[in-house]
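J.: These protein sequence lines map, in sequence, to chains X and W. In terms of full-length UniProt numbering, the first sequence opens at residue 1 and continues consecutively. In terms of full-length UniProt numbering, the second sequence opens at residue 1 and continues consecutively.
Hints may be right or wrong, so weigh each one.
[To be verified] Straight line, CA to CA, 30 Å or less: simulated DSS-like cross-link-like pairs of lysine-lysine:
1. X:Lys307 x W:Lys168
2. X:Lys327 x W:Lys153
3. X:Lys153 x W:Lys258
4. X:Lys281 x W:Lys168
[Stated by the list, open to error] Which chain X residues face chain W? A few, computed with CB under 8 Å, are given here:
5. Lys4
6. Lys37
7. Ser60
8. Glu84
9. Asp105
10. Thr106
11. Arg130
12. Lys274
13. Asp275
14. Gln311
15. Gln325
16. Ile328
17. Gly329
[What the hints assert, rightly or not] Simulated DEER-style distance windows between Cβ atoms:
18. W:Pro302 x X:Gly283: 28 to 38 Å
19. X:Met1 x W:Lys307: 37 to 47 Å
20. X:Leu140 x W:Glu280: 31 to 41 Å
21. X:Lys168 x W:Gln325: 28 to 38 Å
22. W:Asp330 x X:Ser23: 43 to 53 Å
23. W:Thr27 x X:Phe352: 49 to 59 Å
No lab work stands behind these hints, which were simulated from the structure alone. Since the structure is predicted, the reported quantities are computational estimates derived from the model, not experimental observations. Idealized CB from N, CA, C, for every residue including glycine.
2 protein chains.
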Amino acid sequence: MITKPTLFIDKTKCKENIQRMCSKAKTHQLELRPHFKSHQSLEIGRWFKDFGVNKITVSSLAMADYFSSEWEDITVAFPTNILEIETINDLAGRINLNLIVEAEDTLAFLSENLTSTLGVFIKVDIGYHRTGVAPENLALINQLLSQIDASDKIQFKGFLGHAGHTYKCRTNEGILEVHQKSLEIMARLKNAYGERYPGLIISVGDTPSCSVAENFEGVDEIRPGNFVFYDLAQNKIGSNDISQIAVAMACPVVAIHKDRLEIVVYGGGVHFSKDRLEGEKEGTVFGRVVEQSERGWGDIIPGMYVKSLSQEHGIISVPGSMIDQYKIGDCLMVLPVHICMTANLMKSYHTFDNEVISRL
Amino acid sequence: MITKPTLFIDKTKCKENIQRMCSKAKTHQLELRPHFKSHQSLEIGRWFKDFGVNKITVSSLAMADYFSSEWEDITVAFPTNILEIETINDLAGRINLNLIVEAEDTLAFLSENLTSTLGVFIKVDIGYHRTGVAPENLALINQLLSQIDASDKIQFKGFLGHAGHTYKCRTNEGILEVHQKSLEIMARLKNAYGERYPGLIISVGDTPSCSVAENFEGVDEIRPGNFVFYDLAQNKIGSNDISQIAVAMACPVVAIHKDRLEIVVYGGGVHFSKDRLEGEKEGTVFGRVVEQSERGWGDIIPGMYVKSLSQEHGIISVPGSMIDQYKIGDCLMVLPVHICMTANLMKSYHTFDNEVISRL
Chain X
1 MITKPTLFID KTKCKENIQR MCSKAKTHQL ELRPHFKSHQ SLEIGRWFKD
51 FGVNKITVSS LAMADYFSSE WEDITVAFPT NILEIETIND LAGRINLNLI
101 VEAEDTLAFL SENLTSTLGV FIKVDIGYHR TGVAPENLAL INQLLSQIDA
151 SDKIQFKGFL GHAGHTYKCR TNEGILEVHQ KSLEIMARLK NAYGERYPGL
201 IISVGDTPSC SVAENFEGVD EIRPGNFVFY DLAQNKIGSN DISQIAVAMA
251 CPVVAIHKDR LEIVVYGGGV HFSKDRLEGE KEGTVFGRVV EQSERGWGDI
301 IPGMYVKSLS QEHGIISVPG SMIDQYKIGD CLMVLPVHIC MTANLMKSYH
351 TFDNEVISRL
Chain W
1 MITKPTLFID KTKCKENIQR MCSKAKTHQL ELRPHFKSHQ SLEIGRWFKD
51 FGVNKITVSS LAMADYFSSE WEDITVAFPT NILEIETIND LAGRINLNLI
101 VEAEDTLAFL SENLTSTLGV FIKVDIGYHR TGVAPENLAL INQLLSQIDA
151 SDKIQFKGFL GHAGHTYKCR TNEGILEVHQ KSLEIMARLK NAYGERYPGL
201 IISVGDTPSC SVAENFEGVD EIRPGNFVFY DLAQNKIGSN DISQIAVAMA
251 CPVVAIHKDR LEIVVYGGGV HFSKDRLEGE KEGTVFGRVV EQSERGWGDI
301 IPGMYVKSLS QEHGIISVPG SMIDQYKIGD CLMVLPVHIC MTANLMKSYH
351 TFDNEVISRL
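Can you make the complete structure from the sequences, with help from the hints?
T.: Given below as structure tokens:
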């Protein structure tokens, strides 16, 4: 019995998403090191193990700590936060921990303060310009490598990039263009350093690129995360079909305004987050309502979408032909715009078999 | 020792904010029923008790349940969610619970299913158009009142409105214009029903109106919430000075990009939420960096602001004259745009006396 905003997971769709990405990685002989920041759940992590995945990516040391009870090889894909050195040393003593580095100061600190060995990837800015070393800055890369080589606690693993600028693409061609540039940048680094570091790993792979591309030449490892669920934002980018989205929020109807064709649901910014799609045909959209079925949900209902969110309220725009179908106490199923943020706010996933899947 | 994004509270500023609003309510002979969705903390709630507050507002039954251990009179200012009838009955049996209603179906359900008595306010749409009964729809108001009168479990408390459209104002004059219209709408309802219900309460009072207005004619109760902390969005509206903002996030510096005058901090959308200020002189702003002092913080540093947020990353734009002052491992203090959403994401408040104040 649903009584408040509840995040549902369609296990079949979710496992199909996992299987599809695992197959793709296998086809292209890539190591799949999925990013677990999207689901943050030990239980969902186990579904990946069933497909042979044994290495993961996370975005914080807190997440690495949570997953370390069941995973022995974890990359924290966030610039190393030296203030958390105690957690770093604790984790490095228990699992194969990889950090990402891009600054001399960070490596100098690690060299002095590590008590266990760990791996590092040098973070390369492959065009997103959020963070990372410019790939043409070989002087800095050489400096970082000399610091790494001089430490008996730090092992060089390779170069890691994140093409987050694919999230601004709206066509497969756009995604492939970004992806091709990532491959070229990484190929130059592999050429430059492959001989000196024979086992070096080239790690790339955001969800849009990994969903769309079929050429991964020179890549050793991919780290997509969002694909486990997908969402409306990924659909807009072109990563997935609506039918592949594996989570939806059930939201109780608390008020109906027939005069302006709106329904108020219990389900706001503290449940969905306020990530939005801009420039939709309806304007700004914070979620879309889907048809309900007994054990899941179906297509998007045309013209039925979340037009605004406040802390607890969601305002749903409803077609005139449909407004009479709903009554207070019903629940609407809503596809979120950005599932990583939504899942972070909700503390569990509910299945249609009345299971509750917990997370960090 | 700060190691990760940490939400700090300046207790002095916070208590001054509480005192100022309590004084204003007293001056205007208003009942202050503060909205506790902004802080969601029993401990901070106790600071209000010190100023004589004994009634509160919350935005969910879960919050009402949390505060019911210390508060005996709680209004849930969200359209009644009938699916939570068990919680409603539990609370109504323990405390003076007030719900808000605006639909016949909701009242019909309550009449049939309540096991204890409670109060209801009729929610009136005073111009925000999020939800509520249109104030000119006396037929519906009369219908709701007849349902209320027919129930021995439901007591009519009065009319409640929320002028959320003040959040779109950018001047005091704009806020006062909205507030004046609220007063006029509510005066008409008090005139129409005051004789039939002599004790009826007129309840209004968003933070901008309560911060700026000096005329509350006809109003019995105000329910501002955000003023306990204030934030950049309220400052932009004109509710508060920057010096009155009582919370700031400490964010570790993890990377520095001197070439593009940017610092990457640990502090992203999962800490701040992604509420933003649009149309600032710098463009879109997700937070502003303030000067640090030993036991607090000072003014905004001109030109130093959060230009973008992803899940864990915050990108800070830094003036060229200042970039050399910072190093990896420092912490920046950042004022949030919308503290209600930020506080909801962070699970505690830290004081400069090393206290940790918990919340729901």
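J.: Now, for every hint given, state plainly whether the structure supports it.
T.: Each hint tested on the structure:
no. : hint                            : in the structure
1   : X:Lys307 x W:Lys168             : holds (17 Å)
2   : X:Lys327 x W:Lys153             : holds (23 Å)
3   : X:Lys153 x W:Lys258             : holds (29 Å)
4   : X:Lys281 x W:Lys168             : holds (24 Å)
5   : Lys4                            : holds (6 Å)
6   : Lys37                           : holds (6 Å)
7   : Ser60                           : holds (6 Å)
8   : Glu84                           : holds (5 Å)
9   : Asp105                          : holds (5 Å)
10  : Thr106                          : holds (6 Å)
11  : Arg130                          : holds (6 Å)
12  : Lys274                          : holds (6 Å)
13  : Asp275                          : holds (6 Å)
14  : Gln311                          : holds (6 Å)
15  : Gln325                          : violated (14 Å)
16  : Ile328                          : holds (5 Å)
17  : Gly329                          : holds (5 Å)
18  : W:Pro302 x X:Gly283: 28 to 38 Å : holds (34 Å)
19  : X:Met1 x W:Lys307: 37 to 47 Å   : holds (45 Å)
20  : X:Leu140 x W:Glu280: 31 to 41 Å : holds (33 Å)
21  : X:Lys168 x W:Gln325: 28 to 38 Å : holds (32 Å)
22  : W:Asp330 x X:Ser23: 43 to 53 Å  : holds (45 Å)
23  : W:Thr27 x X:Phe352: 49 to 59 Å  : holds (56 Å)
Hint 15 from the earlier list is the only one contradicted by this structure; the remaining hints agree with it.
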